[in-house]
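Novice: Spelled out, the chains give:
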Amino acid sequence: MMHENKSPYWNLYPAAAALAGVIVFIFATFGPPASSSGFVSTLKGFFQAVLPDYVAAKEHYQLIPGPGSWLMAFVLGMAIGGFIAGRSFPIPVRDVPEIWERKFGPSRFRRYATAFLGGFLILFGSRMAGGCTLGLFISGSAQMAVSGLYFGALIFVAAIFTAKFIYGK
Amino acid sequence: MDKVLLGLLSGIAFGFIIQRIGATNADKMAKAHLMIEPQIPQFMLLTVILSAIGVFGLKLAGVGRFLPLPTSILATGVAAVIFGIGWGLTGYCPGTCWAAAGEGRGDAIATLVGGLAGTAVFAHFHETLVPLLYAPTNIGQITLDAWLKPPVFALILLAIVFSGGIMAIGKIWKKDESLP
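One line per chain: the protein sequences are A and B, in this order.
Under our numbering, the first residue of the first sequence carries the number 1, and numbering increases by one thereafter.
Under our numbering, the first residue of the second sequence carries the number 1, and numbering increases by one thereafter.
Worth double-checking, as some hints may not be accurate.
[Stated by the list, open to error] Across the chosen pairs, the derived CB separations fall in these ranges:
| # | chain 1 | residue 1 | chain 2 | residue 2 | range |
| --- | --- | --- | --- | --- | --- |
| 1 | B | P150 | A | A49 | 45 to 55 Å |
| 2 | B | L67 | A | A56 | 39 to 49 Å |
| 3 | B | G57 | A | I91 | 35 to 45 Å |
| 4 | A | S7 | B | L132 | 42 to 52 Å |
| 5 | B | F153 | A | G21 | 38 to 48 Å |
| 6 | B | P131 | A | R87 | 41 to 51 Å |
| 7 | A | F109 | B | P150 | 23 to 33 Å |
| 8 | B | V152 | A | A17 | 17 to 27 Å |
| 9 | A | F165 | B | T128 | 51 to 61 Å |
| 10 | B | I156 | A | R87 | 14 to 24 Å |
[Claimed, not checked] DSS-like cross-link-like pairs, simulated, lysine-lysine; straight-line CA separation at most 27 Å:
| # | chain 1 | residue 1 | chain 2 | residue 2 |
| --- | --- | --- | --- | --- |
| 11 | B | K59 | B | K149 |
| 12 | A | K164 | B | K59 |
| 13 | B | K59 | B | K3 |
| 14 | B | K3 | A | K103 |
| 15 | B | K3 | A | K6 |
| 16 | B | K59 | A | K6 |
| 17 | A | K164 | B | K174 |
| 18 | A | K103 | A | K164 |
| 19 | A | K58 | B | K59 |
[To be verified] Here are some of the chain A residues that sit facing chain B, going by a computed Cβ distance under 8 Å:
| # | residue |
| --- | --- |
| 20 | P32 |
| 21 | G45 |
| 22 | Q48 |
| 23 | P52 |
| 24 | G82 |
| 25 | V96 |
| 26 | S126 |
| 27 | R127 |
| 28 | G130 |
| 29 | S147 |
The hints are simulated quantities; they were obtained by calculation from the structure and are not laboratory data.
Ideal placement from N, C-alpha and C gives every residue a C-beta, glycine not left out.
Let the hints inform the model, and build the full structure from the sequences given.
Specialist: See below:
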């Protein structure tokens, strides 16, 4: 499309086709793609080093493989992919998003504290449901699982209400 | 070892693509949630349609591994609301925060650390919370193609509903032309 759109971001159609290609590749070579399990994998590795008896006794750590698994390699790969993409992109990265700064000021502490709380909630919720945006909504819906469709509908509604509450009109 | 290499390569490609659509930009995600940035939710729904077609093809070819998660009416619902509140607060998902942390975004690193804390707390209380919230209303690994036969009808239904969603977002989300 050759109109005057100078945005460095990709058009959604080729981007969705590319990501779906990666997702189908993952289903073929591994199984359902997942991100939140990578957090469990990472923590399991940490706790195995410092509290091995605790890991052995907790069911949640027995359900997910530790470091050296596809799951942990995938999230580390995502960080590398993000690094390469960010370094080859014309828009500089920010620690505090513009929309946040306009409403709450440039304080990093305030933004990081909120981001920490948000991170806590998204992982607490993901581990309760068994998956996240990728592992439950996208993977699940691609397999036509009711769990993924149900989770997907509710996360959008809750996030819309939360964003409207925080940022207002 | 080849599983690790496959995971790493898949992750690199995944992280690169989601950065290029803007999903690792918390400013864009907040605007998506405020219903003024339609591209990212439309991208997510289209990705699901195309992935579902691909998964359907893999099943026909007998390739790959599939594992639909069970639906627990109570736990999946409560978890989704907790997740959605967190998503609205931070603007990152458990996947996008890794790619955004790789980009060097400080608030994504804070999200990642918060995520490790949330995982540790849930894992600690797993033995109490799962029998209490998850197990009683667990209705199993139900999928649309299990009750809509032949399965291609379920795929068509999913594609129609999600395409409707993409069009609805295009109409309802008022695009802010000042966005980069």
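Novice: Hint by hint, note whether the structure agrees.
Specialist: Here is how each hint holds up against the structure:
1. B/P150 to A/A49: 45 to 55 Å: Holds, at about 51 Å.
2. B/L67 to A/A56: 39 to 49 Å: violated (25 Å)
3. B/G57 to A/I91: 35 to 45 Å: Roughly 36 Å apart at Cβ, these two residues keep to the hinted range, so it holds.
4. A/S7 to B/L132: 42 to 52 Å: Between A/S7 and B/L132, where Cβ atoms are some 47 Å apart, the hint holds.
5. B/F153 to A/G21: 38 to 48 Å: About 25 Å separates the Cβ atoms of B/F153 and A/G21, which means 38 to 48 Å is violated.
6. B/P131 to A/R87: 41 to 51 Å: holds (47 Å)
7. A/F109 to B/P150: 23 to 33 Å: At roughly 57 Å between Cβ atoms, B/P150 and A/F109 fall outside 23 to 33 Å, so the hint is violated.
8. B/V152 to A/A17: 17 to 27 Å: holds (21 Å)
9. A/F165 to B/T128: 51 to 61 Å: violated (30 Å)
10. B/I156 to A/R87: 14 to 24 Å: For B/I156 and A/R87 the Cβ distance comes to about 42 Å; the hint is violated.
11. B/K59 to B/K149: The hint holds at about 15 Å.
12. A/K164 to B/K59: Not OK: A/K164 and B/K59 at ~41 Å, beyond 27 Å, violated.
13. B/K59 to B/K3: Measuring from Cα to Cα gives roughly 21 Å; hence the hint holds.
14. B/K3 to A/K103: violated (45 Å)
15. B/K3 to A/K6: This hinted pair is violated, its Cα atoms lying about 39 Å apart.
16. B/K59 to A/K6: Distance of about 40 Å is beyond 27 Å: violated.
17. A/K164 to B/K174: Roughly 15 Å separates the two Cα atoms, so the pair holds.
18. A/K103 to A/K164: Holds: A/K103 and A/K164 sit about 12 Å apart, inside 27 Å.
19. A/K58 to B/K59: violated (35 Å)
20. P32: Where the cut-off is 8 Å and the nearest Cβ of chain B is about 5 Å from A/P32, the hint holds.
21. G45: violated (11 Å)
22. Q48: Not OK, violated: A/Q48 not within 8 Å of chain B, min 13 Å.
23. P52: violated (15 Å)
24. G82: holds (3 Å)
25. V96: holds (7 Å)
26. S126: This hint holds: A/S126 lies near chain B, its Cβ roughly 5 Å from the closest one there, short of 8 Å.
27. R127: holds (4 Å)
28. G130: holds (5 Å)
29. S147: Because about 4 Å separates A/S147 from the closest Cβ in chain B, which is inside the 8 Å limit, the hint holds.
Consistency with the previously given hints fails for numbers 2, 5, 7, 9, 10, 12, 14, 15, 16, 19, 21, 22, 23, ordered from lowest to highest.
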